[in-house]
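Student: Start from the sequences and build out the full structure, keeping to the hints where you can.
Here is how the chains run, residue by residue.
There are 4 protein chains.
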Amino acid sequence: MIPRYSRPDMVAIWEPQTRFRIWFEIEAHACDAQAALGVIPKANAEAVWKARDVTFDVARIDEIEAVTKHDVIAFLTHLAEIIGNDEARFVHQGMTSSDVLDTTLNIQLARAADLLLAGLDRVLAALKARAFEHKDTVRIGRSHGIHAEPTTMGLTFARFYAEMARNRARLVNARAEIATGAISGAVGTFANIDPRVEEHVCAQLGLIPEPISTQVIPRDRHAMFFATLGVIASSIENIAIEIRHMQRTEVLEAEEFFSPGQKGSSAMPHKRNPVLTENLTGLARLVRMSVTPALENVALWHERDISHSSVERAIGPDTTITLDFALHRLAGVVEKLVIYPENMLKNMNKFKGLVMSQRVLLALTQAGVSREDSYRLVQRNAMKVWEKGADFKTELLADPEVTAALSPAEIEEKFDLGYHTKHVDTIFARVFG
Amino acid sequence: MIPRYSRPDMVAIWEPQTRFRIWFEIEAHACDAQAALGVIPKANAEAVWKARDVTFDVARIDEIEAVTKHDVIAFLTHLAEIIGNDEARFVHQGMTSSDVLDTTLNIQLARAADLLLAGLDRVLAALKARAFEHKDTVRIGRSHGIHAEPTTMGLTFARFYAEMARNRARLVNARAEIATGAISGAVGTFANIDPRVEEHVCAQLGLIPEPISTQVIPRDRHAMFFATLGVIASSIENIAIEIRHMQRTEVLEAEEFFSPGQKGSSAMPHKRNPVLTENLTGLARLVRMSVTPALENVALWHERDISHSSVERAIGPDTTITLDFALHRLAGVVEKLVIYPENMLKNMNKFKGLVMSQRVLLALTQAGVSREDSYRLVQRNAMKVWEKGADFKTELLADPEVTAALSPAEIEEKFDLGYHTKHVDTIFARVFG
Amino acid sequence: MIPRYSRPDMVAIWEPQTRFRIWFEIEAHACDAQAALGVIPKANAEAVWKARDVTFDVARIDEIEAVTKHDVIAFLTHLAEIIGNDEARFVHQGMTSSDVLDTTLNIQLARAADLLLAGLDRVLAALKARAFEHKDTVRIGRSHGIHAEPTTMGLTFARFYAEMARNRARLVNARAEIATGAISGAVGTFANIDPRVEEHVCAQLGLIPEPISTQVIPRDRHAMFFATLGVIASSIENIAIEIRHMQRTEVLEAEEFFSPGQKGSSAMPHKRNPVLTENLTGLARLVRMSVTPALENVALWHERDISHSSVERAIGPDTTITLDFALHRLAGVVEKLVIYPENMLKNMNKFKGLVMSQRVLLALTQAGVSREDSYRLVQRNAMKVWEKGADFKTELLADPEVTAALSPAEIEEKFDLGYHTKHVDTIFARVFG
Amino acid sequence: MIPRYSRPDMVAIWEPQTRFRIWFEIEAHACDAQAALGVIPKANAEAVWKARDVTFDVARIDEIEAVTKHDVIAFLTHLAEIIGNDEARFVHQGMTSSDVLDTTLNIQLARAADLLLAGLDRVLAALKARAFEHKDTVRIGRSHGIHAEPTTMGLTFARFYAEMARNRARLVNARAEIATGAISGAVGTFANIDPRVEEHVCAQLGLIPEPISTQVIPRDRHAMFFATLGVIASSIENIAIEIRHMQRTEVLEAEEFFSPGQKGSSAMPHKRNPVLTENLTGLARLVRMSVTPALENVALWHERDISHSSVERAIGPDTTITLDFALHRLAGVVEKLVIYPENMLKNMNKFKGLVMSQRVLLALTQAGVSREDSYRLVQRNAMKVWEKGADFKTELLADPEVTAALSPAEIEEKFDLGYHTKHVDTIFARVFG
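Protein chains in written order, with our numbering: chain A, 1 to 433; chain B, 434 to 866; chain C, 867 to 1299; chain D, 1300 to 1732.
It is worth saying that the hints were derived from the structure and are not from the lab. It is possible that some hints are incorrect.
[What the hints assert, rightly or not] Simulated coverage check for chain C against chain D, where a stretch passes if three residues somewhere in it have a Cβ under 8 Å from a Cβ of chain D:
#1 948-962
#2 1088-1097
#3 1277-1291
In this text, a Cβ means the ideal position worked out from N, Cα and C, and glycines have one as well.
Tutor: This is the structure:
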């Protein structure tokens, strides 16, 4: 976790105090269930809740762990210090450390997913607002970095919206993947604890009981979770790359917002660099890098080995914190992105009329010229624009082979921008409903 | 694609003939829609269907492509040779190559997903059958590779079943991700073609129209698809690793089926190696390796660049073919896996009674011994078994501190295997309904 | 392996005939060594060489393998058919299949490395030629995609040359990593074969004897090999991205060579797309994706498991074939790249004089203006250029605070391009010696 | 960075104080060089060294950065506070932030590499000591997890030694890759600073001047560096997996050292889990995951974009800290690994004599029995051992077809363990010289 790329809410999920709080809740709910089943005295279960509003002493727990070399035992010892050794004697009965640890990890991931969903919602809102704002702002569409046909800036935002809306749906799925809990004992047989304890604890904590666990909750769930975050990160990169392209000096169709007091570079004060989207490009790589180790974590030996644990200690916080930060940074960039419609028009007209060649080609074909001949006619006039800076329409009007097939009015009509934007509303209706 | 790791049905999806057949269908349906809209003559649309049952001449298409350096043009030229130049003149009108190529890729991936679902179903059937067969076959559960508590072989199969059932649901989602089509033109504006053409073609081909495309269908869809395959592969590895462990000489709780005539090794004729599951471990790595490039494919420049194409030419066929093969290989391994229940018992009793230590610990606690004392008592007797090969129960019965808390009958009861298997039916009900 | 992305020389290395030829040579040399040691009769060793010029019957070997399910045994059986069962009886004596297979793989990888080195040499030659050709072709240097200070096209080529020269050195190291052989028996103890056989075979085949092997040659070597290929691929991507940027419509400082007859797009005949470098970007992803499975292949169980094998069957050929093709494609692109120096100048002057701001800032500081004031002065004039299209030099000359510190002549001097190119020869001397 | 997986020495390299110290040294040496060239006054250069022994006020620098939003400017401002605004006026003259930042990163990585080399040396020393200690400790070699032929524990350690020695050599190469510095200005042309400044600074700091840089040092160097760390991590995993296998209950040929007071599990006190090597398996995944983003960092746009920066902020510290910790943890595990030679013998004899089958097969062939018949004879007796627990030698002596070819003495001789260990000294000489 890099402080400069983190937001407090997400960081809080991964702090020791939060973790111990969740451990406590699991243990306390488990005691309730055990008491209801008559396994332990009700008084002992009730006593546990004395720690309900206590701030756990993280330093003290660390101190105990330094001796016991076991984190859960250290916590339980500290808990007993709070509620009394005698009252605490039935806490954790029949449970295994992993029952607590794995259920806790999933609660943390589910909460992280909730924050990520909020981040996605902010991104979606920003994209939608900018899409409608620039629904009719014409710019050139590009394939291969080369001018193709006109499109609108609104369509660009709309397609990012659609992509992020898909990511939202994926994240909802991914959250469901890891929102399970397990209190099933050392190898998952419930030998020492009734399955109804698991059911109660999960119900209280908003989890689904893991249908079949071993000592651990199966890691294909977490693999799917992190794989989904990797996809979302790639979409962030997708938007970031678009903006970086738009901001490059020769294009300059948009710029990240640049506050008046901000210094761009120590050496080149005129520079306004797209550093936020460049940063997002890097953050996307960081989020994505967790996918492979998460996949490698699936194949644990027999009922569990602990190789996954160190991986998750790192990628659990780091990946969610980084993605959370990236989503909000992206939202901010989109919300405040400075758009230059006039530059968009200027760029589009760089090769006068050339982007209309497809229309002309089509018109020639429809006028009865063979496909091969149409292509040849369009290409030879296009090359004059390309090589000599001629005006495409002028050249076409002067080409007798062209005018033999198309009247001047028909040629003129091919250069109408409205032709290209006529279905924007249809597409918006598909995307925004 | 490695021939020895491929099945014909999946290979067929990726063959040129199949690809051209899908291209043809897209073009023909598009002509129908264009004719219905009055854009092209009905007769021309009908003429296209003359090629309905034709086997396309792949060599001829390659020959044309060598000249035109453009695959779709080469195909259209060949198609015109079949249905007549005049009849063919309206084919592909208003469309862009990518309309055909991207829609085709998604159809291939959707068909591939269908085969993979069939493969998963075979795996699921095998796992379920073996789970019920060995529901009560007791074996030792292991954490960290170390004996923990008893479980059953049926539970092992059942958890793999649950994992693969999750994978099935994920693959259904992933299939939906890529089952879209686009006929939206050079930059996705439908400038030259009515959106209703896309709708008709998609409806005919079982696809959802892509709500908003550029020149291409957005690649976050494909990223999600391949990420999902990567998760499935990791689950295959998970099962493979379990079997490899079970087959190792010192464990020998199961073996891959070894046909009477099969030679294990040229040098060591007694060897029966788990080569199929080792192979599956490697194949899982191959499937997984497509995830990162699929994620890197998402951020295309502006309305498209073609960097994704070479990646997909490789991972499209290779990954689906490998995973398809792996699923069926896995199914075969599970179906025919030779289980050795007697070795399971022998292994469990390697350290006489030690695996029951958790139960004794719990019983001591419940009998009023403090948690720390209970732990100490159990540990000191356990160490005698570990270090001197003593019998755990015998030692406990001879330990006055233990017998002060537990009667001989109570100690005896702790060594009842039924204690560990009492919830197997509950778990099976959760998994298999 | 995708035929369109492959070159015959590299493909040939991975063909069955080549593989069998190498197997034969290993066996034949091993027999020579065994005979020299008196382990087998000299006549039998000599007899093996009867197959020296034979083209092996791949179909026949496949046929035998279908029965024996063992590739090396199938080959040895076929070899016996050629040289006579009696003469062949000592072939492979004391050896293990892996002795043959692993040594063969390394020979193939070493040969592949030789071809890759040749490809790198072609790339290096092209980069060097273009570097000298455009040593003094001024263009704007860009950071963050934003104009920074002038540089030259020659420096761009020179830095790619330096990068590829590093890659060449890395590949030489990587080749040495895998140019080892092992004839050490079932677990690497030489129990059944004298270490001098390994020494002889390796000497004959240009390999170093693996100092200590198990059944296999250790896979950290191959991991390092493929990791190195991944780095080379990333450098290819680096060059490809530069060219794609240069070719985008608004920049147009260079274009991939476009042969007169070539069609760019079926729909937009004016388009000249950087499809080769886009393709290289994708191929780089394909090469890189082999790195992770190669790393995962290192940790084999005990003296070997065969999980690495399927991985290597794929990435051995695929990765080397793809990289080989990519290197030659890249060389071709560089060799024929069309450079537009006039567009470079035009782009540089897009914001008149602004790129000289760093020099002015420095001059102000040196003239005694504080760092903060200098920055402020430069920034306020720069903003006029940026926002109103003013000329930077004109603005500076009209700013009394600036002219209080710098004379008009001093200001003029700051706009001399030669200032920026004065060390080009020094840098070239560093790079090209 | 996870505190529990870190060592203070490596952490210190990445602390702000260290970073600012290096920034200071670069600036101070640069001033010296500038003064020597007559560009700035000698007195100003000397004045900078007033900060030589100062502990920089990190909080103050952060405070300034909060305003300037630029880390290098913040540091320079703070430096001026220390040495005086007037004295500081020539600091950083002609330089770009990246000159400082990139050179600093490389110094940090080089220092990290030195610590990693020390870690490798400790691992090598441990492996060598244990190799000689157990040079003749016989254990069964295994392929596919199945018993193959005898080897020795010393050979296992020796091969890990050889692998780690290769890693050491690779790391020396990787260190050289990144031990370069650049003081070349905004786009690498040395427009504002003489190349001799770079030469002086690099010489003082133990770096090689980067032959050609842009605004940044080329990232193929860093890619190669992290790729090398990934290979080392995979070798750590390789050793960890071996030990985990040796410790599993059924094998128990070795155990991680278990201190008398240590608790293995809260639930199963008899358990001694290989948690350190399982942890190393996970840490290996963490180190490896940096390879892909480091490869993705190579292709920066034009003379630089800053996408690599966030990646390096994470993987720079995290990967070196994790690997450093892992190397020392591994060294500790190897140093204290408890070896059980008696269990090795017991395991080897699990299938009485079966591991000698290869020798018998060879002897039969040499005695004139055909390869096929020999195989058949060995296999049929081997199967009796496998299926009925018979003794292999006894069965052979009772098989008339076998005794027709081999005398009882010849058969007896095949079961001599010395046969398998006779070349151990030869191999040790190869590995340890």
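Student: Could you run down the list of hints and mark each one as holding or not?
Tutor: Consistency of the hints with the structure:
1. With 3 residues carrying a beta carbon less than 8 Å from a beta carbon of chain D, the region 948-962 of chain C meets the three-residue requirement, and the given coverage holds.
2. Coverage of the region 1088-1097 of chain C by chain D holds in this model, with 6 residues showing a Cβ closer than 8 Å to a Cβ of that chain against a need of three.
3. Only when three residues or more bring their CB closer than 8 Å to a CB of chain D does the claim for the region 1277-1291 of chain C stand; here the count is 6, and the claim holds.
Violated hints are absent here; each numbered hint is respected by the structure.
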